[in-house]
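Throw the hints in and build the complete structure from the sequences for me.
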Amino acid sequence: MGWAARPPAHLRAFLRRLALGLPLMLLGLGLILGLAPQDPAGPRFATGGAPLPSLPMPEPGVTGVLTLRPYPLLHVGEGGGMRTLLLAGDGKQRPPGDLSVLDGQRVTAEGFLLSRGDIAMLVLGAPPRALGGATPPAREALGRWRITGEICDGKCAADGMRPGIGIAHRACAALCLDGGIPAVFVSQAPLLGHAYLLLAGPDGGPMDAALRPLIGRRVTLEGRVERLGRLLIFHAEPPG
Amino acid sequence: MSHRFVPVGWTRSKILYDAALLGGVAAYLVAYVRLAPLLGATPLDDQSLRMRAFGSGAFLLLTLALAIGPLARLDPRFLPLLYNRRHLGVVTCLLALAHAAEVLGWHFAFSPTPGAVALLTTEPGALPFIAFGLLALCVLILLAATSHDFWLAFLGPGLWKGLHQLIYLAYAAVVAHLAFGRLQDPGALPLALLLGLAVCALLALHLIAASREARVDADIAPPAPVAPWLIAGRAAAIPEGRALVVRPPGGEKVAIFRHEGRLSAVSHLCAHQHGPLGEGQVLDGCITCPWHGYQYRLEDGRSPPPFTERIATYRLRLVGGWIWLDPRANPPGTHVPALVLP
Ligand code: FES
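Those sequence lines, one after another, are chains A and B. Taken in order, the first sequence gives residues 1 to 240; the numbers are from the numbering used here. Taken in order, the second sequence gives residues 1 to 342; the numbers are from the numbering used here.
Honestly, the hints are just simulated from the structure, not real lab data. We treat Cβ as the ideally placed atom computed from N, Cα and C, and that holds for glycine. Treat the hints with care, since some could be wrong.
[Unchecked claim] Far from chain A, by Cβ distances over 10 Å, these chain B residues were calculated:
(1) Y28
(2) G40
(3) D45
(4) T113
(5) T121
(6) C138
(7) L155
(8) P190
(9) P239
(10) W322
[Said to hold, decoys possible] Pair by pair, the computed Cβ-Cβ distance ranges are:
(11) A/A13 / B/P112: 51 to 61 Å
(12) A/M25 / B/L207: 22 to 32 Å
(13) A/A138 / B/L35: 22 to 32 Å
(14) B/I141 / A/L24: 22 to 32 Å
(15) B/L142 / A/G204: 43 to 53 Å
Printed below as a string of structure tokens:
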């Protein structure tokens, strides 16, 4: 019996087997579950879409054109080589400072870069500094699309967390979006070679608030798609 | 034995039990968090990895804790696992807390929204899974906090046992937490299989144990020719030091023990946690509960001094080799002379 200081002789062998077998079974289960695919996005998103040329963080910072709609974006480089960085602040917050005066300006910004697949994010430590006027890059309309995928925040999806999408991450994504981090749509099947699309509202502003309950779930949304350099912007309409 | 005299009794068995338990938990966590990544698991950030290891570990231990009860009923060799089941429960609760701490420190951190507000506002729409996780955690904390014998004595075994049946609610909440959460993501198939397997195995164990008990319960002792006596069985059928469990038409089961040529009848329910006394045996001249070893004297159902537990006793008669039982329980601790066998 268990309460005896020493178990009775006929039970000792059985209990010894249990005492060894149970930890071994837990070890095996730990391995099986640990090795099971853990990232709902799967490995294809790490490399999928249109891979970005590597972007070393130049000293003392990145220079580009800042635009504010649908979210604060920094367009770095020219013509075909241009790439668009989503901007965020520390943690689950929008970039620091009042950016409204910088809309359409050439700025220099410092921070660190996150990237995964075809999105990249610059996490700003301080407000960007204005360098002068500039022309925002042109956008190309790609028509209306109906896309299936998941609404997520651009920071975790850009490798701020791993896994940065999926139901288990839903609360985190909701907090990021509430805090002003740009929203992205992680498409189930790459669209025109893109797995990640910047998710905007039908009016050209940020994601429609009616979509918040759908964060982290598999949804099919409709709206127009624009190309901005290497980035696709999905202006999703609220369903129904 | 009594909570008043033995605050924590450490025996060699208990230490080995805890060593195997903690060793198993450590092996699980190391395999999940360290070995699997070395063997090529999908790279996750450390916090997410720990979050999953703690959460799934708590689920596995909870399954194990719920399996021990029916296992011990079906095969008495598992009884030693039952004895220290409370430690298993407390470790499960600690793993669940570690899981929650990782979630709060990662998914709910770095945001201007306070964690408590975020918990309530970040699950808009259908399929809530955080709420189920919180419910399970609250129940586990409540049960771990009241697992000590102090609470058992304070609440009484009936109420305490009822409270601790809430563990089934916690399990159901954990299953919902997983089903509405992680299992919704693609790639969760191994976890889904494990969950299905665990739930099916638990259900099967409980059903088999319950059906066996129902068969025993259906065996109601028939009335003797003289009321209120019942015919309990043949004296010769009871092995030395063991009991015959009898079920009167109404009321609690009675255990009739045979010891050194005498028969004594007491309640089948242990005063500690309502363990099945009739499945215990006579040790050192006392009836000894199979669950945690509480002891009672045969002649009056009282724990030997300095302990003060008491159980009901019953009157017996022997008529032509048949034991007759008076199903009216005497007040706990009533002295009844043992029935001497010829
Ligand atoms: S139930 Fe604990 S000793 Fe009987």
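Status of each hint after checking the structure:
| no. | hint | verdict |
| --- | --- | --- |
| 1 | Y28 | violated (4 Å) |
| 2 | G40 | violated (7 Å) |
| 3 | D45 | violated (5 Å) |
| 4 | T113 | violated (6 Å) |
| 5 | T121 | violated (8 Å) |
| 6 | C138 | holds (18 Å) |
| 7 | L155 | holds (22 Å) |
| 8 | P190 | violated (4 Å) |
| 9 | P239 | holds (16 Å) |
| 10 | W322 | holds (31 Å) |
| 11 | A/A13 / B/P112: 51 to 61 Å | holds (60 Å) |
| 12 | A/M25 / B/L207: 22 to 32 Å | holds (23 Å) |
| 13 | A/A138 / B/L35: 22 to 32 Å | violated (52 Å) |
| 14 | B/I141 / A/L24: 22 to 32 Å | holds (30 Å) |
| 15 | B/L142 / A/G204: 43 to 53 Å | holds (51 Å) |
Of the hints listed earlier, those the structure fails to meet are numbers 1, 2, 3, 4, 5, 8, 13, in rising order.
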